[in-house]
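Chemist: Sequence:
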Amino acid sequence: MAPKTILIVGATGNTGRMVTEILSQNSQTLAHLKEYRLLALTRSTSSAVAQKLAKLPNVTFEEKKWPEIDGDWLRERNVVKAFIASHNLPPHFAEESTFHVAALRAGVKYVVRISTTAANWSSLQPNVFFTFTIPPAVEFVKNFRKAGKQGKLALLLDEKAEVGVVDADDVGRFAAALLSAEDHSIHNKKKYVLNGPDDVTGRGIVDLVEKEIGVKVENVKYRDLDFLEQMAASSPEPHLIQSIKYAPVTGWNGECSVATTSKEVYELAAPQTTAADWFQNALKNHG
Numbered sequence: 011m012a013p014k015t016i017l018i019v020g021a022t023g024n025t026g027r028m029v030t031e032i033l034s035q036n037s038q039t040l041a042h043l044k045e046y047r048l049l050a051l052t053r054s055t056s057s058a059v060a061q062k063l064a065k066l067p068n069v070t071f072e073e074k075k076w077p078e079i080d081g082d083w084l085r086e087r088n089v090v091k092a093f094i095a096s097h098n099l100p101p102h103f104a105e106e107s108t109f110h111v112a113a114l115r116a117g118v119k120y121v122v123r124i125s126t127t128a129a130n131w132s133s134l135q136p137n138v139f140f141t142f143t144i145p146p147a148v149e150f151v152k153n154f155r156k157a158g159k160q161g162k163l164a165l166l167l168d169e170k171a172e173v174g175v176v177d178a179d180d181v182g183r184f185a186a187a188l189l190s191a192e193d194h195s196i197h198n199k200k201k202y203v204l205n206g207p208d209d210v211t212g213r214g215i216v217d218l219v220e221k222e223i224g225v226k227v228e229n230v231k232y233r234d235l236d237f238l239e240q241m242a243a244s245s246p247e248p249h250l251i252q253s254i255k256y257a258p259v260t261g262w263n264g265e266c267s268v269a270t271t272s273k274e275v276y277e278l279a280a281p282q283t284t285a286a287d288w289f290q291n292a293l294k295n296h297g
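11 is the number of the first residue of the sequence shown in the numbering used here; add one for each residue after it.
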């Protein structure tokens, strides 16, 4: 029989990378985790991220399309705990629900992010990721440096409303902390709201850009949703993509600040990455 296994679905994705790294570290130091194998799922084991993570202690990679996972597959691998980072395409609700049913039928004891009442679960609610808010600013700086002139800076955030934008890695750290717990019953059926360490505003992102380029940004559009139109135009089900346009409204109304962060987040894995950190790292990655 396979050893007890923690399955990481989306191990090479935004949050899954950090889940894999932290669980690997914890399996070396926490006695109760040493008996677990970490099974990381990816669409391609030849990717650079997969090859890097595969070198970590106690991590095994397997190529598998997670929507095709069934109860037999989970039982064969003796999956006891699981983390799932679903895609954001229109079918993801149906596909993730199918995964949860398979987990329930296979006797998986604990899943981070699941909504089946008969199973043990914890739901993570990050208000918004940096990947949705700061890349236009990075692209603006990149183009300014290349062409020496400004374009339009279009930002998702409101100019003044404070939002606790979070780094996906910080969400991954918290998920890993939950999965590393010997007794997960205290987290059962809990919803945890996650934010970054500091509130961010649209004006704050403009300030980061102006500090970087040394001049005032001339043309800024806040509450920009034009990217949704582009996504919808290329989607076979545009009406589902269009529904996302309502998601930022709570943030624009000032209801998604750092103050909404669950206290358990600070106790288990406090967020580390600020907007300035993410912005600077993204600029470095752009070369």
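Treat the hints loosely; a few may be bogus.
Simulated pairs of lysine-lysine, DSBU-like, Cα-Cα distance not exceeding 35 Å [what the hints assert, rightly or not]: (1) Lys199 with Lys74; (2) Lys152 with Lys200; (3) Lys170 with Lys255; (4) Lys201 with Lys152; (5) Lys74 with Lys44; (6) Lys294 with Lys162; (7) Lys201 with Lys74; (8) Lys152 with Lys44; (9) Lys65 with Lys170; (10) Lys74 with Lys170; (11) Lys44 with Lys201; (12) Lys231 with Lys14; (13) Lys156 with Lys221; (14) Lys162 with Lys152; (15) Lys14 with Lys152; (16) Lys162 with Lys65; (17) Lys294 with Lys170; (18) Lys152 with Lys199; (19) Lys119 with Lys170; (20) Lys226 with Lys44; (21) Lys74 with Lys62; (22) Lys199 with Lys156; (23) Lys199 with Lys162; (24) Lys199 with Lys226; (25) Lys226 with Lys273; (26) Lys170 with Lys159; (27) Lys156 with Lys74.
Here are the simulated distance ranges between beta carbons [what the hints assert, rightly or not]: (28) Ser54 with Gln135: 44 to 52 Å; (29) Asn229 with Gly81: 50 to 58 Å; (30) Glu86 with Ile254: 48 to 56 Å; (31) Ala269 with Asp82: 43 to 51 Å; (32) Ser57 with Lys231: 19 to 27 Å; (33) Ala257 with Lys44: 35 to 43 Å; (34) Ala269 with Lys44: 34 to 42 Å; (35) Asn295 with Glu78: 17 to 25 Å; (36) Asn263 with Pro67: 40 to 48 Å; (37) Ser133 with Gly81: 52 to 60 Å.
Because the hints were derived from the structure by calculation, they are not lab data. Glycine included, C-beta positions come from ideal geometry on N, C-alpha and C.
Chemist: Could you run down the list of hints and mark each one as holding or not?
Modeler: Against the structure, the hints:
1. Note on Lys199 and Lys74: the hinted pairing holds, with a Cα-Cα distance of about 28 Å set against a maximum of 35 Å.
2. A C-alpha spacing of about 42 Å is found between Lys152 and Lys200, which places the hinted pair above 35 Å, so the restraint is violated.
3. The suggested pairing of Lys170 with Lys255 holds, with an alpha-carbon distance near 19 Å, which does not exceed 35 Å.
4. Only pairs whose Cα atoms come within 35 Å are accepted, and Lys201 paired with Lys152 is rejected, the gap being roughly 38 Å.
5. Between Lys74 and Lys44, the direct Cα distance comes to roughly 25 Å. Compliance with the 35 Å bound is thereby established for this hinted pair.
6. Taking the CA atoms of Lys294 and Lys162, the gap is about 22 Å. The hint holds against a cut of 35 Å.
7. A threshold of 35 Å between alpha carbons decides the hint, and for Lys201 with Lys74 the separation of about 29 Å falls inside it, so the pair holds.
8. Among the hinted pairs, Lys152 with Lys44 is inconsistent with the structure: their alpha-carbon atoms are about 45 Å apart, more than 35 Å.
9. The suggested pairing of Lys65 with Lys170 is violated, with an alpha-carbon distance near 44 Å, which exceeds 35 Å.
10. The hinted pair formed by Lys74 and Lys170 fails the criterion: a straight-line CA distance of about 44 Å is larger than 35 Å.
11. Under the criterion of a C-alpha separation no larger than 35 Å, the hint pairing Lys44 with Lys201 is consistent with the structure, at around 28 Å.
12. This hinted pair does not check out: Lys231 and Lys14 have alpha carbons roughly 51 Å apart, beyond 35 Å.
13. Taking the CA atoms of Lys156 and Lys221, the gap is about 17 Å. The hint holds against a cut of 35 Å.
14. Restraint check for Lys162 and Lys152: satisfied, since their Cα atoms lie roughly 13 Å apart, inside the 35 Å limit.
15. For the proposed pair Lys14 and Lys152, the alpha carbon gap of about 47 Å is over 35 Å, so the pair is violated.
16. Restraint check for Lys162 and Lys65: not satisfied, since their Cα atoms lie roughly 43 Å apart, outside the 35 Å limit.
17. The suggested pairing of Lys294 with Lys170 holds, with an alpha-carbon distance near 27 Å, which does not exceed 35 Å.
18. Distance restraint check for Lys152 and Lys199: the Cα-Cα separation of roughly 44 Å exceeds the 35 Å cut-off, and the hinted pair is therefore not satisfied.
19. For the suggested pair Lys119 and Lys170, the alpha carbons sit about 44 Å apart, so the restraint of at most 35 Å is broken.
20. For the proposed pair Lys226 and Lys44, the alpha carbon gap of about 54 Å is over 35 Å, so the pair is violated.
21. Between the alpha carbons of Lys74 and Lys62 the distance comes to roughly 18 Å, so the proposed pair stays at or under 35 Å and holds.
22. Distance restraint check for Lys199 and Lys156: the Cα-Cα separation of roughly 50 Å exceeds the 35 Å cut-off, and the hinted pair is therefore not satisfied.
23. Distance check on the hinted pair: Lys199 and Lys162 sit about 44 Å apart at the alpha-carbon level, beyond 35 Å; violated.
24. At most 35 Å may separate the alpha-carbon atoms for a hinted pair to count; Lys199 and Lys226 exceed this at roughly 48 Å.
25. Using a Cα cut-off of 35 Å, the hinted pair Lys226 and Lys273 is violated, with the two alpha carbons roughly 38 Å apart.
26. For the proposed pair Lys170 and Lys159, the alpha carbon gap of about 26 Å is at most 35 Å, so the pair holds.
27. Distance check on the hinted pair: Lys156 and Lys74 sit about 41 Å apart at the alpha-carbon level, beyond 35 Å; violated.
28. Under the hint 44 to 52 Å, the C-beta atoms of Ser54 and Gln135, about 29 Å apart, miss the expected range.
29. For Asn229 and Gly81, the Cβ-Cβ distance of about 55 Å falls inside the hinted range of 50 to 58 Å, so the restraint holds.
30. About 37 Å separates the C-beta atoms of Glu86 and Ile254, a value inconsistent with the hinted range of 48 to 56 Å.
31. Hint check: Ala269 to Asp82, Cβ distance near 46 Å, so the stated range 43 to 51 Å holds.
32. The beta-carbon spacing between Ser57 and Lys231, approximately 35 Å, falls outside the hinted interval of 19 to 27 Å.
33. Between Ala257 and Lys44 the C-beta distance comes to about 41 Å, which sits within the given range of 35 to 43 Å.
34. Judged by the Cβ atoms, the range 34 to 42 Å given for Ala269 and Lys44 holds: they are separated by roughly 39 Å.
35. For Asn295 and Glu78, the Cβ-Cβ distance of about 33 Å falls outside the hinted range of 17 to 25 Å, so the restraint is violated.
36. A hinted range of 40 to 48 Å for the beta carbons of Asn263 and Pro67 is consistent with their spacing of about 45 Å.
37. Taking 52 to 60 Å as the suggested C-beta distance range, the pair Ser133 and Gly81 does not conform, at roughly 22 Å.
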